[in-house]
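Protein chains in written order, with this note's numbering: chain A, 4 to 160; chain B, 4 to 160.
Do not take every clue at face value.
For identical chains, the list gives no copy identity; a pair is met inside one copy or between any two copies.
EDC-like, lysine to aspartate or glutamate: derived pairs with alpha carbons at most 20 Å apart [said to hold, decoys possible]:
1) K57 / E78
2) K49 / E71
3) K152 / E8
4) K57 / D76
5) K10 / E113
6) K74 / E125
7) K55 / E8
8) K55 / D36
9) K159 / E104
10) K130 / E78
11) K70 / D48
12) K55 / E69
Hints are computed from structural coordinates only; laboratory data are not their basis.
2 protein chains.
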Amino acid sequence: MIEIERKFLVNSDAFKTEAYMSYSIKQGFLNSDKARTVRVRLKNDKGYLTVKGKSTANGLSRFEWEKEISKSDAEALLLLCEPGIIDKTRYEVKSNDHIFEIDEFYGDNEGLIVAEVELNSENESYKKPHWLGKEVTGDLKYYNSLLIKTPYKLWKH
Amino acid sequence: MIEIERKFLVNSDAFKTEAYMSYSIKQGFLNSDKARTVRVRLKNDKGYLTVKGKSTANGLSRFEWEKEISKSDAEALLLLCEPGIIDKTRYEVKSNDHIFEIDEFYGDNEGLIVAEVELNSENESYKKPHWLGKEVTGDLKYYNSLLIKTPYKLWKH
Numbered sequence: 004m005i006e007i008e009r010k011f012l013v014n015s016d017a018f019k020t021e022a023y024m025s026y027s028i029k030q031g032f033l034n035s036d037k038a039r040t041v042r043v044r045l046k047n048d049k050g051y052l053t054v055k056g057k058s059t060a061n062g063l064s065r066f067e068w069e070k071e072i073s074k075s076d077a078e079a080l081l082l083l084c085e086p087g088i089i090d091k092t093r094y095e096v097k098s099n100d101h102i103f104e105i106d107e108f109y110g111d112n113e114g115l116i117v118a119e120v121e122l123n124s125e126n127e128s129y130k131k132p133h134w135l136g137k138e139v140t141g142d143l144k145y146y147n148s149l150l151i152k153t154p155y156k157l158w159k160h
Numbered sequence: 004m005i006e007i008e009r010k011f012l013v014n015s016d017a018f019k020t021e022a023y024m025s026y027s028i029k030q031g032f033l034n035s036d037k038a039r040t041v042r043v044r045l046k047n048d049k050g051y052l053t054v055k056g057k058s059t060a061n062g063l064s065r066f067e068w069e070k071e072i073s074k075s076d077a078e079a080l081l082l083l084c085e086p087g088i089i090d091k092t093r094y095e096v097k098s099n100d101h102i103f104e105i106d107e108f109y110g111d112n113e114g115l116i117v118a119e120v121e122l123n124s125e126n127e128s129y130k131k132p133h134w135l136g137k138e139v140t141g142d143l144k145y146y147n148s149l150l151i152k153t154p155y156k157l158w159k160h
């Protein structure tokens, strides 16, 4: 499947009152090598171990294997991860037919809030919520894998 | 638990007729970093994903987490592993109170056969089977993790 995602900064906290759900995400990597990424994620009380392969040459597909694991297993494995655990709350907000996922980061990425919307095609239109800020689609420094290596607090603001 | 293992070469194939069981092992690493080893193993038709942490300062214990996975999952994950899959048959032979595990390697380690016995103390005596050869305990090049990096066929014989 082709995923088309657009990423934005956020102008205000107003999205929090509009969210129909929110949950905590803590994640780290046992291997952040793109050829064989091994991710540990704790989503509220549920743990997940996810292995991803390299993207295919055309960039459209990537092997992905995920297994649910216990909360205590996820907590133990997070302690083994490469330095730099991502800790964030994810809010989900409906905007007409689309869902915006807003990540509020903590720890070394405290102060950063990023919103994402998934589209079915590049030309698909969507209703912009009033709190939506500047678009940052394609700006690599906002990727979670890079936020681990160069967290928000180290950026020049 | 303290593991005391002694490792040996093998003089003949006679161990095969003495074995009470044998099984195939294929294993690879999604991460071979000692701080967070992620091992995929296929043991006959059963798959295992094993995460090991660093040894503690005294070297006596190491975090280990293992989960059984399906054969097809293990096969798919082995394709993602770092280059150099270990492929071997393990034979188990009883010798009085001890069990010798003999690994016959294939692929890039074809020709190598190594026997191991686990002891409860450094001074514990054991009955040497007649096919047991030279002791190689502590010789790092026989470790599976190093056999991946420098397989037997590359050794100077």
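Structure-based check of each hint:
1. Taking the closest pair of Cα atoms, K57 and E78 come within 20 Å of each other only across two copies (16 Å); inside a single copy the shortest separation is 26 Å, beyond that limit.
2. Proximity of K49 to E71 under the C-alpha cut-off of 20 Å is found in both arrangements, the shortest distances being 7 Å within a copy and 18 Å between copies.
3. For a Cα distance limit of 20 Å, the shortest separation of K152 from E8 qualifies neither inside one copy, at 22 Å, nor across copies, at 40 Å.
4. In this homomeric assembly, K57 and D76 come within 20 Å of each other (Cα to Cα) only across copies, at 17 Å, whereas the closest approach inside a single copy is 26 Å.
5. In this assembly of identical chains, K10 and E113 lie within 20 Å of each other by CA distance solely inside one copy; the values are 18 Å within and 52 Å between copies.
6. In this homomeric assembly, K74 and E125 never come within 20 Å of each other (Cα to Cα): the closest approach is 38 Å inside a single copy and 39 Å across copies.
7. Proximity of K55 and E8 under a CA criterion of 20 Å is satisfied intra-copy only: 19 Å inside one chain copy versus 35 Å between copies.
8. With identical chains, the CA atoms of K55 and D36 are at most 20 Å apart both within one copy (10 Å) and between copies (18 Å).
9. Proximity of K159 and E104 under a CA criterion of 20 Å is satisfied in neither setting, with 26 Å inside one chain copy and 58 Å between copies.
10. Taking CA atoms no more than 20 Å apart as the test, K130 paired with E78 passes in neither setting, with 38 Å inside one copy and 44 Å between copies.
11. In this homomeric assembly, K70 and D48 come within 20 Å of each other (Cα to Cα) both inside a single copy, at 14 Å, and across copies, at 19 Å.
12. When the C-alpha separation of K55 and E69 is checked against a cutoff of 20 Å, the pair qualifies both within a copy, at 9 Å, and between copies, at 19 Å.
Violated hints, listed in ascending order, are 3, 6, 9 and 10; each of the other numbered hints is respected by the structure.
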